[in-house]
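S.K.: So you can see what is in the structure, the chains are spelled out below.
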Amino acid sequence: MNGNEIAAKDDALFRSIEYTGKNFYYAVGIFVTVIAFAAFLYLGQIISGLGVTGMAQPVSWGFYIVNFVFFIGISHAGTLISAILRLSKAEWRRPITRMAEVITAIVLAIGGLHPILDLGQPGRIWHLATSGRLQSPLLWDVTSITAYFAASTVYLFLPLIPDIAILRDRGTKPRWLYQFLSWGWQGTPKQHKVLDRTINILMIGVIPIAVSVHTVISYIFAMTVQPGWHSTIFGPYFVVGAIFSGIAALLIVMIVFRRVYHLENYLKEIHFSYLSILLLIMSLLWFYFTFCEYLTTHYGNEPDEMRVFFYKFSGDFAPYFWAMIVCNFIIPVAILSNKKTRKIKGILFASFTVLIGMWLERLIIVVPSLANPRLGYPTGIYIPSITEWALFAGGIAVFMLGFLLFAKFFPLISVWEIQEGRASSIKEVAHRLRSYLPDELEEDDIKKALH
Amino acid sequence: MSSKTIKFLQYASIAWIWIFVLSVDIWIISLLIVARRLHDAINASVGIGIIAIPLFLLIASALTYVFFGLQKHREVDETRHGSL
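Taken in sequence, the protein lines are chains A and B. Each residue of the first sequence is one higher than the last, beginning at 11 in our numbering. Each residue of the second sequence is one higher than the last, beginning at 616 in our numbering.
With the rest of the complex left out, here is chain A (with noise of 0.2 Å):
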């Protein structure tokens, strides 16, 4: 059987890529301008520098490394969450863990580049290379974030070479791109198993590599003794949030493509009800570690950190911590903790909240703490600039735009991943279920339990 013959079944996972419509040049258009935008006012910042900003003593950092943080906390929602359905054998992973893969390549090169916006100058890039000091967790990120771009695009990549030998097959335009990324692939038991070994290491691989990223980045805060980030929790407290947005963008984007491209036979209630009581435990998990980090601070009752406590719980910020903790928290609990609540539009307002609060954290621990300082500075107040603005709007387009320039090319949903489900997951799920219950299963049980 050729590629032709194997898709012909999930024509429909073809249609975005064989297929432009009007509304596809709007959306590139709308992009292409915010984009356009954003850029015009970068090129003021670099003419002018930072002053442009809304950043200044002592308040140093804002939107760009809020947003640097934020991106990379998107990030998760791919590799990590695709690893670990993958590792687990969970049978649903099928139509999802292409896309959250996707997320995770795209957002990783936005957030990744956030902190050169935060340079003014993006020459000064070149000291990093020339003069960095290894022991600087300023570093550690960089080594690990380019690490796990590395292994996140591999991880992308690895699992697409069937389906780009599909469009390849199909004669899909341009060929040459398909010829080019298929590496000649046919197919045979042996790629076939070549392909399957690599994706197994790489899935094992990329999990500490995921872990560790988001671990690394919260050091840029905890290891200052700044009141407020110098915290032994920040490491995880940091992952779990990463994963707490990153499953709240993956569904956004599952409900929006599903509803674009028609995609409702793959990408059913159940998926959506499955990631939605992840997103759940997420929700209870990162309240959790909120707690225990303001509790630990409230009880410890030092004065430069009870400072920066009272700036967030009643002080300037107050509006955006209690708004963050009904965004993560008190929506989404009430809403996917219901049966009659968690259908597909309700997960999507709970997904919105979500991203919205995690967005409200970053903010509230990078600029609380600076506004506060230990020395007896008069708080620091932060209004960000209409460049910093337009920045975050232009990483929101540059992820739209791509996502949906690679829907035009690459299928959404890997087709070799579900023909493989359907041609091998009831035999397969059916010899774990022999493995795990305690009294042999006929061949008649599983039959009849399948009617």
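Accuracy of the hints is not assured; some may be wrong.
As the list claims (entries may be wrong) - Here's a subset of chain A near chain B, in silico, CB distances under 7 Å, partners left out:
#: 1; residue: Gln196
#: 2; residue: Thr198
#: 3; residue: Tyr387
Stated by the list, open to error - Heads up, simulated BS3-like pairs for lysine-lysine below, C-alpha to C-alpha not over 25 Å straight-line:
#: 4; chain 1: B; residue 1: Lys687; chain 2: A; residue 2: Lys203
#: 5; chain 1: A; residue 1: Lys200; chain 2: B; residue 2: Lys622
#: 6; chain 1: B; residue 1: Lys622; chain 2: A; residue 2: Lys183
#: 7; chain 1: A; residue 1: Lys200; chain 2: B; residue 2: Lys687
To be verified - Anything over 10 Å on all C-beta distances counts as not near chain B; from chain A, calculated:
#: 8; residue: Gly130
#: 9; residue: Thr225
#: 10; residue: Thr242
#: 11; residue: Tyr284
#: 12; residue: Gly310
Since the hints were made in silico from the structure, they are not lab data. All C-beta atoms in this analysis are idealised placements derived from N, C-alpha and C, irrespective of residue type, glycine included.
Could you slot chain B onto chain A? The hints should help.
M.R.: Using the frame of chain A, we list chain B on its own:
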């Protein structure tokens, strides 16, 4: 685009991956040398280096293994057009 050009691009992309990975590794090694010269927390730097250097090599090796593995285990089938 001709088959030869595509083949060349495929090999070039593998070479590029190795250039990237080796550049990162050389950069990390140079940072280790600087840390040693300056007596500047060499233990932390070595710790990072020990993890990062093999990791990048592993990523490049995985890609190379897949590329050559797929090339080696192809079946010669004239009915498949352009399955490079």
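S.K.: Work down the list of hints and note, for each, if the structure agrees.
M.R.: Here's how the hints hold up against the structure:
| no. | hint | in the structure |
| --- | --- | --- |
| 1 | Gln196 | holds, 6 Å |
| 2 | Thr198 | holds, 5 Å |
| 3 | Tyr387 | violated, 30 Å |
| 4 | B/Lys687 with A/Lys203 | holds, 12 Å |
| 5 | A/Lys200 with B/Lys622 | holds, 21 Å |
| 6 | B/Lys622 with A/Lys183 | holds, 18 Å |
| 7 | A/Lys200 with B/Lys687 | holds, 9 Å |
| 8 | Gly130 | holds, 23 Å |
| 9 | Thr225 | holds, 12 Å |
| 10 | Thr242 | holds, 18 Å |
| 11 | Tyr284 | holds, 30 Å |
| 12 | Gly310 | holds, 28 Å |
Of the numbered hints given earlier, the model fails hint 3 alone.
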